[in-house]
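Peer 1: Take a look at the letters that make up each chain.
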Amino acid sequence: MFDLQWLLIAIPLASGALLLIWGKEADRFGHLIGTAASAASFLFGVVLFAALLGKDAEARSQSTSLFTWIDTGTFHVEMGFTFDQLSGLFVLLITGVGTLIHVYSIGYMEHDPRRRRFFAYLNIFVAAMVTLVLASDYLVLFLGWEGVGLASYLLIGFWQHKPSAAAAAKKAFVVNRVGDIGMALAIMLMFAQFGTSAIHAVNAAAPGAGDGVATALGLLLLLGACGKSAQVPLQSWLLDAMEGPTPVSALIHAATMVTAGVYLVVRSGGVFDSSEAARTAVMIVGLVTLLAGAWIGCAKDDIKKALAGSTMSQIGYMMLAAGLGPAGYPFAIFHLITHGFFKANMFLGAGSVMHGMNDDVDMRHYGALRKAMPITFATFALGYLAIIGFPGFSGFWSKDKIIETAFGENLWVGLGALLGAGVTAFYMTRLMMMTFFGDKRWKDDVHPHESPKVMTYPLIALGALSLLGGLLLVGDWIVEWLEPVVGEGEHHELAIPAIALTGIITLVAASGVALGYFTYGTKPIAAETPADSSVSVFTRAGRHELYGNQINDAVVVRPTTHLTRFLVWLDGKGIDGFVTGLADRLGETSQFLRKPQTGFVRSYALTMFGGVAILVLCLLAVTLA
Amino acid sequence: MNEYITLSLILFTIGAVGVLVRRNAIVVFMCIELMLNATNLAFVSFSRQHGNLDGQVAAFFVMVVAAAEVVVGLSIIVSIYRTRRSTSVDDASLLKS
Amino acid sequence: MKTLITATDLPPIKAPEIEYALLGPLFIIAGAAVLGVIIEAFWPRATRFWTQVVVAVVGIIAALADTVWVYTDLDKVDADLVARGKVAAEGALSVDGPGVFTWGILLVFGLLSMLLFAERRLEGGMSAFTGRAADAPGSASEAEAIKLRVEHTEVFPLALFALVGMMLFATSNDLLTMFVALEVLSLPLYLLCGLARRRRLLSQEAALKYFLLGAFSSVFFLYGIALAYGYAGSFELSAIDTAVSNRSGSENMLLASIALIAVGLLFKIGAAPFHTWTPDVYQGAPTPVTAFMAAGTKAAAFIALLRVFFVAFGGSQWDWRPMIVAIAIITMFLGAVVSISQTDVKRMLAYSSIAHAGFLLVGFVGAYAGVAGSDRVTSVSSTLFYLTVYGISSIGAFAIVTLVRDSGGETTHLSKWAGLGKKSPWLAGAFALFMLSFAGIPLTGGFIGKWGVFSAAYSGGFWWLVVIGVLVSALAAYFYVRVIVLMFFTDPVGDGPTVAVPSLLTTVVIIIAALGTVGLGIIPGPVLDLAQHAGAFVR
Amino acid sequence: MILTILAATPIAGALILALLPRETGSHLRAKTVALGVSLITLALSLVALAKFDPESGGYQLTSTHEWISAFGAHYAVGVNGIGITLVLLTTVLTPIVLLAAFGDRLPDPRSTNAYFAWMLAVEGLAIGAFSATDAFLFYVLFEATLIPLYFLIGTFGGPNRSYAAVKFLIYNLVGGLLMLAAIVGLYVVSSRQGEASYLLSDLQDLDYSQTTERLLFLGFMAAFAIKAPLFPLHTWLPDAAGQATPGTSVLMVSVVDKIGTFGMIIWCVGLFPEAADWASPVIIVLAVISIVYGALLAIGQDDIRRLIAFTSVSHFGFIILGIFAFTTTSMAGATLYMFNHGLSTAALFLVTGIMIARRGSARISDFGGVQKIAPILSGVLLIAGLSSLSLPGLAPFVSEFLVLAGTFTRSIPAAAVATLGIVLAALYILIMYQRTMTGPLKEGTEGVTDLEPREIAALTPAIVLIIGLGFFPQPMLNAISPAIDTVMSHVGSNGGKSDPAPKSPTIVDAPAEEEGGH
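Protein sequences, first through last, are from chains B, D, U and Z.
Under this note's numbering, think of the first position of the first sequence as 1, with each following residue one higher.
Under this note's numbering, think of the first position of the second sequence as 1001, with each following residue one higher.
Under this note's numbering, think of the first position of the third sequence as 2001, with each following residue one higher.
Under this note's numbering, think of the first position of the fourth sequence as 3001, with each following residue one higher.
Think of the hints as simulated: they come from the structure by calculation, not from any bench.
Watch out, some of these pointers could steer you wrong.
What the hints assert, rightly or not - Pairs of lysine-lysine, PhoX-like flavour, derived with a Cα cap of 20 Å:
| hint | chain 1 | residue 1 | chain 2 | residue 2 |
| --- | --- | --- | --- | --- |
| 1 | Z | Lys3442 | B | Lys24 |
| 2 | B | Lys453 | B | Lys523 |
| 3 | B | Lys162 | Z | Lys3503 |
| 4 | Z | Lys3372 | Z | Lys3442 |
| 5 | B | Lys453 | B | Lys371 |
| 6 | Z | Lys3372 | B | Lys162 |
| 7 | U | Lys2076 | U | Lys2086 |
| 8 | B | Lys440 | B | Lys523 |
| 9 | B | Lys595 | D | Lys1096 |
| 10 | B | Lys443 | B | Lys371 |
What the hints assert, rightly or not - Examples of chain B residues lying across from chain D (beta carbon under 8 Å, computed):
| hint | residue |
| --- | --- |
| 11 | Phe437 |
| 12 | Gly438 |
| 13 | Arg441 |
| 14 | Gly599 |
| 15 | Phe600 |
| 16 | Val601 |
Note that this is a predicted model, so its numbers are computed, not measured.
We treat Cβ as the ideally placed atom computed from N, Cα and C, and that holds for glycine.
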């Protein structure tokens, strides 16, 4: 049965292609096909997962090769897939959340003339994402990797008539490409080093290859991961990516695609375990992004961008956890899953809000929406409680575990993570307050209303998941489940008992909530964004996304532009000019050489006479020499 | 012996210079004839030197050829003279560059 | 004055033996020429023109047939290198492979040129030659001559005399014969150059220049002969060769004679710095004559050049090779470069012919005589092939020049040729074909020719000269290509050129030339093998 | 025999077209004749493919006849895996080009026959060049392709066409003539060592002195480096492609320029392995420069056709890099790249050509928002563009990655710098797509209607192949690899390099060891 796991990919891919080719006739039911395909893929995923549960631990990695993709010289790649504990979880997350978001989109995109195409793209995304997680070879993984990149490009730029959307799409793709350099080089290095890029082979051989190689591999993979997961320094594209339709933000830029980087690191555990340096790098990247994202999240008034900042920050948590090695891997995945639930939930909630607010995204125009759209509010609240780590909610368990492990690794890292928790609580509270509480600030022509059921049901489902996601940890189930894949982590003894730490974390979060409440919940909020000059330097920096774009411009974009201009000049004036110059010289020489042809026979005779003299002389010269 | 060769060389050079400096086609032509005869002198003296008759025979050939050249040359020059009413070789310089 | 030669010491004079069979072609052409003169004297004017044509054409064809026959049973000479033929006419001529091959191509060129000479459709029923050369241009008597439709039918015997001169030139085995042959081929050409029907001033000027400079150069040639005689005591090439290899006599005299003889020959092939006459004469002369000269003179003179330098001066090739290398480079470069800025088709072709002389010299300077028992391309065989291709292509090209006309006769200014390709694609296509052949583009004979001379040079150890050669041919290609651009990619100015409809004669010439150019490019094998078969010179 | 027929068919078709009387109106007869001939050729090439045995690395379908005995030149044809690949490329692309060219507006419609005749002539000569196994024959055909292209550019191109045509011809002629010197040299060398022969097999057995070998190599390389434009000899390409009609550009860039890279493998590396090895450092550097330089210049272009030309410069850089990295992987990748680049560039030139024809301008800044009015067109453009930036799943990715992976084992810096190319590629394609297709509809662009059925029919095969070969490149690689192995073993046994082995190979999933190249 596991030989059929390629169906997980084939079904949505086929439906996507079908929707694109079919044409206008399919407009009426295209969205249904798309959703059905995603659902089918999900159900089959469930079946496979169940089958996996039925097997005993060591038999839980089911590989199959579809065909030989590339085989020449020393280069051999199988189009192979592996359905194991890790990829199984991902398949469920992707197809499951994916299906919910398909359903949601039916309502959300109802009035869009190109809805069929939208569902086609979503299907393609699901297919590519599943390829990414099922791949048993880094090159196949790269295939999925770029596939999701393409899908995200298409979906961010879905409203192509908006120049900002088109620009954002291009930016996302290009920045990801920068990361792909890392991926590509890593795979080349694998071939040069191990003669293969099969994932388990590489990870098995990595320890034997020496520290240098492992570090190089690790850093290159990390570069790729940074691109995909919007980690510093390749974070800048994610906030622009919010130009895409909200379901896209929920599925791709919150729940699944952006977490691919984390998946990559965990998958390459063998590599990272054999290089302390690489692991530390991952940890640092995670920590920095965690704080940076939180910071941005505090400053944005655009609800989607605030959530995007939060996404960055949460993925930072996962990266951090992944950087902690085997001890952290399970919790990275755990948080990834729970985050997938509650963040998708909140994005869809935000979408629902926008739906009711004529697609206005500025939270300063919201306020007091909890009465207008109760279901959205309720579900959103579940997500909120989850992310701030309200005891019992999914986020509580996953984040708690990560911070705990972080303390186990290093005090400062732990403190950073802890701080992050507080800030998270603050900006989420701010968001809640500005959106659902306080007094209404929306214009008169807007009439907020609850979204249709097709949109609210997915919200409810995701809300429930945000609440219950923590169950995965019951009896350390997820840890044991993943252990065969990610290996067993040594357990650090903390200075203080875990329960105490949990308490501290909860306290910090609570204080964050409190701060948020007193800043935004008690006094009225200006309906217009205060000017940069009037806000604190921190807010200003946050609003400008910590000047990431400016830095990119200064360091990369502008130099490249100048270089290009120079080269264009050089090519025309320099290289080509040289050649054309030769041609001109030739013409002049020609004009010059025809002067002696005066037409006077006597001058001709003279030339001949001179010629004679020269001949005689040079002959004599030759013999004398 | 060499004196003859030297003389012929001198005559030859005079002829050549004449060709270069004189304008009148007839004179130019006569200079060429002079060069031919200088050559003849060389032939004859070499013939003497080598003690065989080939050189002298050659001289006769050259005279005949010279005669033929005169015929052709004069005919051309005359026809041009009829057209241009001048025998200056510098006037005939339409074909150039 | 030591001893007087008295009648008593004279040896009994025995009649010279002439191998009439071997020399048949020469006699046929000479005979035809003489016959032509007689016809001039006695034949009624009304039918004289066509009679002359028939005599000339039949004569040439007969000679050609005879040449083929002679070539097929040239007996093999046992030498270190394979050579065919024998020294004939008391050592005056050497009828050998290269020589007879040259006869063949000269006769072919002559035949094609005769067809062009005989073209009468273009000038309203009269040939391209002036009615009465004696009349001053524009004079009343000229007008009357035109009215009476008198024509110079002497052009045919003249051409035949020139032709026989060329054939002699190519096969003459002693310097004196060579000198006579030179004059025999030159004098008629001097006259022919002056006989154009249109633009008579230019034509006469061309004749004058050609004559004066030709005479001038031949005098140097002659003096060189004298010095050679002084050096070796004989006119026979083989005798000179022995003298050279024994290094008897004064070195300087030898070198001077080499230089002066070279002058005469280089003048004829139009190599720099003795090329100055070429553009003016090519432009001024009647186009059929230009075609004849361009193809014939070059071929004859080049073979003579090879013969003298390989047979007579082969022993001192290390002395003259550098000189020839220098001249080759100068000639190629000058011809290629100057032609770029030419505005007159005939002048351009003249400069192109100079450039080709340079390429031929490259093959010549390789002085590669091949290896006994292997049929590698030698300097001689490659030169022979090149001359064949070049001659055919240039006759074709000039034939086309005669067809592009306006009210004033041929319009040779390049700007008038713009858009020719749109007007009459086939004609322009043929001209483009000849241009491509000159440029040495594959699938044309020109390419094979270039390949041959370059390989000869390379075999002779001059690979760097080959590199220079190919670079210069790129330059040369530039202006051939420009002509194509002009004909095909440019729109005609005004109503553009008119293309006169020729009679069958010119058409045939163009078709033969075009087919020959392509044929020699795609299946050069037969002709090439013939050239190879010619082998080395007989000494 | 089949190869001869294959090459002769288009030539014959060309002659027929030349002799067909001119029509008025749509010239449908000439067009259909041309298309028919090219389809027959395609069918014949498939027959040849069927006869071809991919297992063996040697030359097949050979036939040899004496041609010019004095030169030792033969009419000798035959193909190995590399040759058959490129022959297929030619026969597949030509019908596409011709069908797409039905709509071309020519400066002088009366010359439609000539237009299609010249295109067929190019096809025939290219097939000949790809299957020639005699150096002289190869050279003749290689140079002969210049003539039809010269007339195609000069007669049917844009306003500046004659300049472009002359530039094209002279550039290539210079290279070709330098190669002629080398060809002559080959003759001299081979005739010194016995009977002169230009047969590839005979030439490979000659022993050259080191200097001679290097000089001859340079002679060949000069021609090929100009043909497959290698920095800094590339400047003729943008001008030519900027003026020529789309069809001409495709034939020039996708087919004829491949003769250059093909020649590098078969003739340069095949005949002079030692010299090739000696020159490889310089060439690799130039190739890497071409990759980055071409990409950057592509970013800087406003004329779409020049942009595509510069992307080709970049891609040819990859191909040449792959060849001179001297690994089985990179060479196989390079060969496959030739095919894939042919496809993607063809798609790009044709679809943009349609846009340009309808807009009446090739300036990117004259377009905008086309996607709204011509979704299919923009979709095709996007796919073609993505293939040009070698997105995984599309054909060029496989080849590009093989080249890079192979190069990496030879020189990490070269591979690393070359990898920058993938970012730049994303830039030049996506910027072009963004400016032309997205955003609000620019005034003046309304005329850009969507693809007609004929155009879709022409482009579909290319798109299908691009996607199909992205997932199933193996059939082609099966044909290519053995040939590459023979080349590599020849290189290895002649002082050249051989594949570097993995440093710490794994037991698990160790790749199937290829016997060649070790």
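Peer 1: Is the hint on Val601(B) kept, meaning its closest Cβ partner in chain D is under 8 Å away?
Peer 2: Holds, about 5 Å.
Peer 1: Does Arg441(B) hold up as a contact with chain D if the rule is Cβ-Cβ below 8 Å?
Peer 2: Nearest chain D Cβ about 89 Å off; hint violated.
Peer 1: For the pair supplied as a hint, Lys453(B) and Lys371(B), confirm whether the alpha-carbon distance does not exceed 20 Å.
Peer 2: The hint holds at about 17 Å.
Peer 1: Need the status of pair Lys443(B), Lys371(B): alpha-carbon distance at most 20 Å?
Peer 2: Distance ~16 Å between Lys443(B) and Lys371(B) Cα, so the pair holds.
Peer 1: Given the hinted pair Lys3372(Z) and Lys3442(Z), is their Cα-Cα distance within 20 Å?
Peer 2: Between Lys3372(Z) and Lys3442(Z) the Cα gap is close to 11 Å, so the pair holds against 20 Å.
Peer 1: Holds or violated: Lys440(B) and Lys523(B), Cα atoms, limit 20 Å.
Peer 2: Since the Cα atoms of Lys440(B) and Lys523(B) sit roughly 13 Å apart, the hinted pair holds (cutoff 20 Å).
Peer 1: Quickly compare the C-alpha distance for Lys3442(Z) and Lys24(B) to 20 Å and report which way the hint goes.
Peer 2: violated, 25 Å
Peer 1: Holds or violated: is there a CB of chain D closer than 8 Å to the CB of Gly599(B)?
Peer 2: holds, 3 Å
Peer 1: May I ask you to test the interface hint for Phe600(B) with respect to chain D, counting a Cβ-Cβ separation under 8 Å as satisfied?
Peer 2: holds, 5 Å
Peer 1: Does Gly438(B) pass the interface check with chain D, least Cβ-Cβ distance below 8 Å?
Peer 2: Hint on Gly438(B): violated, closest Cβ of chain D at ~94 Å, above 8 Å.
Peer 1: Under the criterion that the straight-line Cα-Cα distance not exceed 20 Å, is the pair Lys2076(U), Lys2086(U) satisfied?
Peer 2: holds, 9 Å
Peer 1: Holds or violated: is the Cβ of Phe437(B) closer than 8 Å to a Cβ in chain D?
Peer 2: At 96 Å from the nearest chain D Cβ, Phe437(B) fails the 8 Å test, so the hint is violated.
The structure is inconsistent with the numbered hints 1, 2, 3, 11, 12, 13, although it conforms to all the rest.
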